[in-house]
Amino acid sequence: VLTALSGDRQLADVAAATDLYARLGEALFSGARWVPAADDDRDDRARAKIAMLSAMYGGTSGEAGPLLGLLRQRFPAAVSYVERAAQAGERGERVRSRLGR
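First residue of the sequence shown: 5, per the numbering used here; consecutive thereafter.
Hint data in this document are derived by calculation from the structure and do not stem from the laboratory. Backbone N, C-alpha and C fix where the C-beta goes; we use that ideal spot for every residue, glycine too. Heads up, some of the hints might be wrong.
[Said to hold, decoys possible] Here are the computed distance ranges between Cβ atoms for each label pair:
1) Gly-96 <-> Ala-20: 35 to 43 Å
2) Asp-47 <-> Gln-91: 30 to 38 Å
3) Ala-20 <-> Arg-102: 14 to 22 Å
4) Arg-98 <-> Val-5: 29 to 37 Å
Produce the entire structure from the sequences given, and follow the hints as far as they go.
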């Protein structure tokens, strides 16, 4: 849904995979100049899942913060879409889904 709403073609390519979070992990961490160190042995899939869900649900603390920066670099249109909606809500504007909720 985020891919369609934001028009992020790079994320659309990732979303076409059978395992979204595994493919997202490859896209986020392959060839990254700086990858935040994990506090435990979680794999790239788990860290990619943290990044995506944190972006969509407003998580910015802990491991999510640095991962959001990487997500923003790789998928700027998608993250920008989420951030614009959050900023509108912070200004007291009504934020609705495409279905009007």
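Hints violated by the structure (listed by number, smallest first)
Violated hint (a single one): 4; every other hint is consistent with the structure.
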